[in-house]
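S.K.: Sequence:
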Amino acid sequence: MTDEHAGPYATGFVEVEGGASIFWEESGVPDGVPALWLHGGPGGSLGSGWYRSHFDLSRYRLIGIDQRGSGKSVPNILDARDRLDEHTTQRLIADIEQVRVAMGVERWVVAGVSWGTTLALAYAQEHPDHVIALGLVAVTTTSREEVDWITEGVGRVFPEEWARFERDSRRRDGERVVEAYARRLREGDAAERTAAAAAWDRWESAHVSLDSPERVGQLFADARTREAFATLVTHFWSRDGFLTGEQAVLARMGRIADIPGALVHGRRDISGPAVTAWRLHQLWSASELTIVEAEGHGGAEESAVLRAALDRFKTLAP
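Residues are numbered in this note's numbering as their position in the sequence shown, beginning at 1, plus a constant of 228.
Simulated from the structure, these hints should not be mistaken for laboratory data. Please note that the accuracy of each hint is not assured.
Said to hold, decoys possible - Okay, derived cross-link-like pairs now, SDA-like style, lysine to any residue, Cα gap no bigger than 20 Å in a straight line:
1) K300 <-> T239
2) K300 <-> S276
3) K300 <-> E334
4) K542 <-> D486
None of these values were measured; they are calculated from a predicted model.
Required output: the full structure, derived from the provided sequences and hints.
M.R.: Quick look at the structure:
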């Protein structure tokens, strides 16, 4: 990647259903292989653009988007809290399709990290004819099993932090921890929402801290960012990512069996055990699975493996 291709050469918004506007930024070369990057969360953002380092920007036309309600897309979820029910995975998939059409893309390589891998898989399963290949790192499917692990089960690894997280959830009888936080962030007054978001943020920083214990305490420095992230992630996670039954990612793998894919995951990923990536690989004949032994939820070697896969995928476009 050369400096001339390093940053976005164009940015803008695509108006989508429901009055939202999805922010996009385009990097690389205009006549390159189209590619889409999907950030984590739900509720994350493109951030400073670190994701671009995974792509050969002399060959790719890379489009990154901030998902509905997140980042620079408008309205931010905190400015449209009464429209939270409009935020579903199916709506995000529809948003991606509207972006694809608006950008004049027929088929693209789709890549993502963490929650972005769930969304990439669900999008590809809904629109396989528009996907050249999938590059996925820190792999998730947002199943009930995965959500309960990251919000409750992994507390066995971080018992002191989980005890605080569970206590601060103020959950009611029969309520899952994630459901309690979703309720408080949706229904609470400003003070309660701020407190719930701070508690959620501390837990998020804890379960990704296996290799960096000094990170425990705060993932997002800005209170508004913390609350927006926590509002969206608990909304989606408390509903199993809106991907249940016949819509579950694992149940629809036959729809993308022939689409080339790279699954990259860290063995030390306590937040999302490698079994999810392994299960996907068993059901996906066109996929390659790489488990990086020394890394957790992302890392330099995982990024390098993803970069190598995306270098291969750029040759698949006609």
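S.K.: A separate judgement is required for each hint: does it hold in the structure or not?
M.R.: Hints, one by one, checked against the model:
For the given pair, K300 sits about 11 Å from T239 by alpha-carbon distance, which is consistent with the 20 Å threshold. For the hint pairing K300 with S276, the CA-to-CA distance comes to about 12 Å; that is within 20 Å, so the pair holds. Our distance criterion of 20 Å between C-alpha atoms is broken by K300 and E334, whose separation comes to about 25 Å. Taken as a hint, the K542 and D486 pair is honoured in the structure, with Cα atoms around 17 Å apart against an allowance of 20 Å.
Taken one by one, the earlier hints fail for this structure only at number 3.
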